[in-house]
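Based on the provided sequences and hints, a complete structural model is requested.
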Amino acid sequence: MTSSLCFNLATGAYFASMVLFVVYLASRINGTALLANLLAYAGLAVHTAAIGLRWYESYQAPGGVGHAPLSNLYESVVFFAWTIILIYLIIDLKYRQRAVGAFVVPFAFVAMIWAQLRLNDSIEPLVPALQSNWLTYHVITCFLGYAAFAVACGVSIMYLIKIGKEEKTPSNNPAGGVLSIFPSTKILDDINYKAIMIGFPLLSLGIITGAAWANYAWGTYWSWDPKETWSLIVWFIYAAFLHARFTRGWVGRKAAWLSIIGFCATIFCYLGVNLILSGLHSYGG
Amino acid sequence: MREKKNPIDALWDFFCSLRLTIVTLILLAVTSIIGTVIQQNLSPEEYLQEYSEGTYKLLDSLQFFDMYHSWWFLALLGVFSLNLIACSLKRFPRVWKAATEPVLIADDSLFQTFSNVDEHLVSGSVDDVKNRMETFLRQRFAGPIVTEKDGVVHLFSQKMPYARFGVYVTHLSILIIFIGAIIGSLWGYKAYVNIVEGSTESRVWPRGSNAPIDLGFSVRCDEFSVSFYEGSDRPKEFKSLLTVIDDGKVITERRPVIVNDPLSYKGITFYQSSYGTTGDTLLKIKATLKSTGETVDLTVRQGQQVALPGGASMRVLNFAPSFQNFGPGARLEVVDAGGNRTSFLVLKAFPGFDAQRNTDYSFTLSDFQQRYYTGLLVAKDPGVWVVWLGCTLMVVGSMVAFFLSHRRIWVTIQPIGKKVGVKIGGAAHRNQPGFELFFDELKKNLKSELGS
Ligand code: HEM
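These protein sequences, in sequence, are chains E and V.
Here my numbering is used: the first residue of the first sequence is 23, the next is one more, and so on.
Here my numbering is used: the first residue of the second sequence is 6, the next is one more, and so on.
What the hints contain is simulated information worked out from the structure, not anything from laboratory work.
In silico DMTMM-like cross-links for lysine to aspartate or glutamate, where the CA-CA straight-line distance does not exceed 20 Å:
| # | chain 1 | residue 1 | chain 2 | residue 2 |
| --- | --- | --- | --- | --- |
| 1 | V | K195 | E | D247 |
| 2 | E | K116 | V | D445 |
| 3 | V | K241 | E | E146 |
| 4 | E | K116 | V | E441 |
| 5 | E | K116 | V | E446 |
| 6 | V | K62 | V | E50 |
| 7 | E | K249 | V | D71 |
Far from chain V, some chain E residues (derived; all Cβ distances over 10 Å):
| # | residue |
| --- | --- |
| 8 | S26 |
| 9 | R118 |
| 10 | I183 |
| 11 | G274 |
C-beta atoms are modelled at their ideal positions from N, C-alpha and C, and glycine is treated no differently.
Written as structure tokens, this is what we have:
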């Protein structure tokens, strides 16, 4: 068993899970959703094993290159997919709203297929700046936060679809068809909020561990480099989201849009900054 | 009727508004983008390569080239802070009161605001029911405070009242981080120093200034080394061995300083930041006079003239750590007793090579030692601990704010006819769905407890 084989298996499991979720939306047969979820669990298990194996393999390679598999673009994308499934399953355990899977699992699948097909998966030794335990804390907290935002974004899309339909049809006639298996807008709104409540402190921790690391490695905890600034932009957006709750007129639709914009900014912070802007974090593939 | 407010009140209301918070946060997010698109703090020449003169002047007048320190960005942060302070000042007293002076008696109007209520009619005496309810609450929730008034008994229990302060701790933490950053920028500095192996420095050069800062102690670089991963040119470690000397006393000796592991002394921290060679290489050369077989080991610098046995002399014209693809090599020049000059190449990788030349001497380059200097970033930041304190408070505060909830339960016990009426109601300051589940469970237990 090698880690790359396991990563491929996990990708396959997420693909099958995603297809079954779409089938569930179309057919509304509960069994398919259950199977889709089981596949997500199986995928997560294999995925976890793959990450562990890759870690182990890095120590087997000659030249003292062993390190946690969180150090280049490939490894971070793969870890991101893992955290998305993890956060999704945690929220699923609490809410048991299977339709949500159809809007979240694809994020993980896209990440995995991109990593498997396009990114360089060789295990590389760490340059001196990356040789720090803060790297591990930083990456884990950031990506758990990002994953929670991915779930929030998926749910917000569902919210906008559902509320758009509901407002077009008379109030006492709830949306039919596919939308009938969507959770109610109230629950969608609640999941959105809960996911961001999980993600926001994790993002804060991610920014703080990043600052601590920068302070050890470069002697300043904050230098306004594009990556840092974008993480702060993301943080501002979600802080605005959280405060929107207390302000009349800023809930519902606007909150859903803030959540979607927040996730777009998250993705830009993660990928756009590296691919388009330049800075310290040249993770380069 | 809208009353006309005086300007002070109007200003206060403006700064207390949560709408202002959202607008400020979004403005901060949007304007922050500018500095990630326009490179910051380059020289005018560099900007003029990228922008036309007119664009440059416009962007410069808007302070877009150092926007995070521009007056308008700082003003935005100022509004943000005032908003935070005003909001907290306005709300805090109320929350403090709710947490420390709870309403012990729930009247009907308060009960109407609860979405979680239950009522029972039971037989027995008020006193008896009171005792049972006290134990019930203590077992299932928290020990109650009992108030008796006009023959009616009121119980009040609460859990985690301090959860209400999480939000305030979070907000305070932001101000603390700002204070830490201000302390750092007022009383701290970032500077650089290059120290050649074997030499000592007690002054460092701050960024953007020519006047050096005196450290008050000195730092010696004993050695610098760089290592690479096997079979690749990827660096593995940059390491300086530093010795700190204060007032003639050695404080730490040959302390390894690598990236991610700086050295701190007296609030000043030294970070491994860059390195270079001085161009001043020591070469170890073995010279043999072929006629007698006499051999000498020479240690020479580039350009230095040294005598050889037999009357000739030699010097190193130049040295390269990598001569084309042949590795380290030096070009030597020999001046024989008659004043004739010959120059030739010796390569470290091919020690036997020079002996084949038809001359009086043969040379081998046995070793070389480049002298490195280490480039250290020197930082003093007395505010950094304040920043870490703020960060810790932010994490703790937001965890409390998000995941803990102040839960309260009120019970009213009063005689109704020959029976005793029990009314129970509860509220949570967040996570209402969770509280609802808890309260439903409580209702079930209460039913069996009261046996009605
Ligand atoms: C101008 C700045 C800010 C102002 C005026 C402000 C004000 C407020 C107010 C009034 C509340 C509601 C408190 C309540 O009644 O429960 C609140 C909640 C909160 N604020 Fe702020 N805030 C500001 C900035 C921030 C920032 C930057 C953060 C980021 C950490 C933050 C984190 C929170 C959190 C975590 C909550 C609780 C949210 C929730 O319960 O969902 N605040 N804020």
